[in-house]
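Next come the chains, spelled out residue by residue.
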Amino acid sequence: MAIKFDIKNADLFYGDFQALKNINLEIRDKEITAFIGPSGCGKSTLLKSLNRMNDLIEGCKITGSFKLDGVDIYKDIEITELRKRVGMVFQKPNLFPMSIYDNIAYGPRTHGIKKKAQLDEIVETSLRQASIWDECKDRLKKSALGTSGGQQQRLCIARALAVKPEIILMDEPTSALDPISTIKIEELCQQIKNDYTIVIVTHNMQQATRISDKTAFFLHGEIVEFDTTEKIFSAPSEQRTLDYITGRFG
Amino acid sequence: MSEKMRTYKAHPMSLLFSIITKIAVIITIAIFFFIVGYVIIRGVPYLTPSLFEWEYNTENASMMPAIITTFEMVGIALLIAAPLGVFCAIYLVEYAKKGNKLVKWIRLTTETLSGIPSIIYGLFGNMFFVIFLQWRLSLLAGACTLAIMVLPLIIRSTEEALKSVDDSFREGSYGLGAGKLRTIFVIVLPPAMSGILSGIILAVGRIVGETAALIYTAGTVAKIPGLFESGRTLALHMYVLSNEGLHMNEASATAVVLLVTVLLLNALASLVAKKLSKGEK
Ligand SMILES: Nc1ncnc2c1ncn2[C@@H]1O[C@H](COP(=O)(O)OP(=O)(O)OP(=O)(O)O)[C@@H](O)[C@H]1O
Ligand SMILES: [Mg+2]
Numbered sequence: 001m002a003i004k005f006d007i008k009n010a011d012l013f014y015g016d017f018q019a020l021k022n023i024n025l026e027i028r029d030k031e032i033t034a035f036i037g038p039s040g041c042g043k044s045t046l047l048k049s050l051n052r053m054n055d056l057i058e059g060c061k062i063t064g065s066f067k068l069d070g071v072d073i074y075k076d077i078e079i080t081e082l083r084k085r086v087g088m089v090f091q092k093p094n095l096f097p098m099s100i101y102d103n104i105a106y107g108p109r110t111h112g113i114k115k116k117a118q119l120d121e122i123v124e125t126s127l128r129q130a131s132i133w134d135e136c137k138d139r140l141k142k143s144a145l146g147t148s149g150g151q152q153q154r155l156c157i158a159r160a161l162a163v164k165p166e167i168i169l170m171d172e173p174t175s176a177l178d179p180i181s182t183i184k185i186e187e188l189c190q191q192i193k194n195d196y197t198i199v200i201v202t203h204n205m206q207q208a209t210r211i212s213d214k215t216a217f218f219l220h221g222e223i224v225e226f227d228t229t230e231k232i233f234s235a236p237s238e239q240r241t242l243d244y245i246t247g248r249f250g
Numbered sequence: 251m252s253e254k255m256r257t258y259k260a261h262p263m264s265l266l267f268s269i270i271t272k273i274a275v276i277i278t279i280a281i282f283f284f285i286v287g288y289v290i291i292r293g294v295p296y297l298t299p300s301l302f303e304w305e306y307n308t309e310n311a312s313m314m315p316a317i318i319t320t321f322e323m324v325g326i327a328l329l330i331a332a333p334l335g336v337f338c339a340i341y342l343v344e345y346a347k348k349g350n351k352l353v354k355w356i357r358l359t360t361e362t363l364s365g366i367p368s369i370i371y372g373l374f375g376n377m378f379f380v381i382f383l384q385w386r387l388s389l390l391a392g393a394c395t396l397a398i399m400v401l402p403l404i405i406r407s408t409e410e411a412l413k414s415v416d417d418s419f420r421e422g423s424y425g426l427g428a429g430k431l432r433t434i435f436v437i438v439l440p441p442a443m444s445g446i447l448s449g450i451i452l453a454v455g456r457i458v459g460e461t462a463a464l465i466y467t468a469g470t471v472a473k474i475p476g477l478f479e480s481g482r483t484l485a486l487h488m489y490v491l492s493n494e495g496l497h498m499n500e501a502s503a504t505a506v507v508l509l510v511t512v513l514l515l516n517a518l519a520s521l522v523a524k525k526l527s528k529g530e531k
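If you read the protein sequences in the order shown, they are chains C and D.
Heads up: the first sequence is residues 1 to 250, going by my numbering.
Heads up: the second sequence is residues 251 to 531, going by my numbering.
Okay, chain C solo, but in the shape it has when bound (with noise of 0.2 angstroms):
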């Protein structure tokens, strides 16, 4: 399948401190890629300098290339359009304290969009994609904070699937929910997979499995492997990434 993401040579510095080193990383097209390592080994890093997250914090500076389609988003993509094909699910749901129609149609708004047919057209599809629909069609003009953690995350998917994104990164997207809502949002993964590209960030190595097609093993901000999520995890390559799917450190 086509490279979507093609990242070459990158590092990342917080002001002094390289939180990425030397990354080369390959996204594919329609693919589950998930990032696991422990904790503060980059993970989020990297995912956030998928969209230009990282803009937003001082003294952040990168280096080598970011391409997407072939082109370089940190030098030849705007911006706002670079998050509006990159799409965003955060660790702690986010949604705004308004109703969930206009928390759906925010995005959209933000490009412009204004009728009112088209938006609830919009709204509709983004919550059946998100199946979350049939829990919340009765209540849309309610504020959306009225919600339980579970829906709340599904509906910041159907958020972030309203502006139609290529690409939708997430950033530990289950860790705050409980078990049957994780399922639920696993499910969703796999629905929606054969629409877009997903970039997920996990601590759950059995979500990894379930989920994902590739799987990225990082290490104090290093790729240490990366391969399909089958072979990770039944034979990998690096004795690092053994010692941490089969739980000896991290």
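Do not rely on the hints blindly, as some may be mistaken.
[Unchecked claim] Listed below are several chain D residues computed to face chain C (Cβ distance under 10 angstroms; list not exhaustive):
id: 1; residue: Lys347
id: 2; residue: Gly365
id: 3; residue: Glu410
id: 4; residue: Arg420
id: 5; residue: Gly427
id: 6; residue: Val436
[Unchecked claim] Computed cross-link-like contacts, DMTMM-like style, restricted to lysine to aspartate or glutamate with a CA-CA straight-line distance of at most 25 angstroms:
id: 7; chain 1: C; residue 1: Lys92; chain 2: D; residue 2: Glu410
id: 8; chain 1: D; residue 1: Lys347; chain 2: C; residue 2: Asp55
id: 9; chain 1: C; residue 1: Lys61; chain 2: D; residue 2: Asp417
Don't read these hints as lab results, they were simulated from the structure.
Glycine included, each C-beta is placed from N, C-alpha and C at the ideal position.
For chain C, the structure is supplied; the task is to place chain D with the ligands on it using the hints.
Same frame as chain C, now just chain D with the ligands:
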């Protein structure tokens, strides 16, 4: 109860401390009710219709012009201070980089300004607006002086309100491709609004209660002023009446109106804060 007694026996200091805190509360409440009660008992009997006649003269000592001047003063001062303060705070919180020199300076200035006694604002306003700009003792000179006086208060409360908006909302908005302007106006400002408004209402309270700064800038003429004419607000009206010593009863009646105004403003501030924060959830 018995359990409480046992802890107190083991730690006699904690009993003492709990008594001290309770006494402090009782004294505070007593002072408040004493003042309010005193003002009302002293002033209410003299609240006569003639006090609200349109024109002031030495016969009726009407406070109507002063009431209207107070509204004018509040309106103009806020028209200047509110936008200035709110935009300044938005710059400080949303735009300025951390460690920015300018930010340090603005912080230092606002902190210093908020600690200055109001009479000093009055002297400055007198020198600058009244004499240098030749506005003479006027509504505008007074309002500008008061605007400068409440600016730090508005900046501070707006800053706090903006900072209390969770960063994850900003991230969510940027993550959907929204720009800075849209993020600030659609995502950050609405939940911060109650904090901003209660800051502004507190500022109104300070304007309504101010006298020292106005004596030197707006003067004490007891007529409804135009922009460049002198006029006295309620607080100043009361000060002048009691200073002259001829209308002590009318001064007491004015105090009642002033007190009620300030209490209403404070009630409004907390009501607004409550209404808006409920609207979010
Ligand atoms: N804004 C920042 N400023 C300075 N250092 C940072 C910043 N964000 C992250 N770091 C550092 O960069 C390193 C990588 O952080 P990152 O958040 O990418 O780790 P992670 O792999 O996502 O960890 P976790 O699993 O705990 O989320 C850590 O050592 C962290 O302390
Ligand atoms: Mg992380």
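Verification of the hints:
1. Lys347: Status holds, d = 6 angstroms.
2. Gly365: Where the cut-off is 10 angstroms and the nearest Cβ of chain C is about 30 angstroms from Gly365 of chain D, the hint is violated.
3. Glu410: 18 angstroms, violated
4. Arg420: 8 angstroms, holds
5. Gly427: Hint on Gly427 of chain D: holds, closest Cβ of chain C at ~4 angstroms, below 10 angstroms.
6. Val436: At about 7 angstroms, which falls below the 10 angstroms cut-off, the nearest Cβ of chain C leaves the hint on Val436 of chain D intact, so it holds.
7. C:Lys92 <-> D:Glu410: At roughly 23 angstroms apart (the allowed maximum being 25 angstroms), Glu410 of chain D and Lys92 of chain C satisfy the hint.
8. D:Lys347 <-> C:Asp55: Satisfied, since the Cα-Cα distance of roughly 12 angstroms is no more than 25 angstroms.
9. C:Lys61 <-> D:Asp417: Holds: Lys61 of chain C and Asp417 of chain D sit about 21 angstroms apart, inside 25 angstroms.
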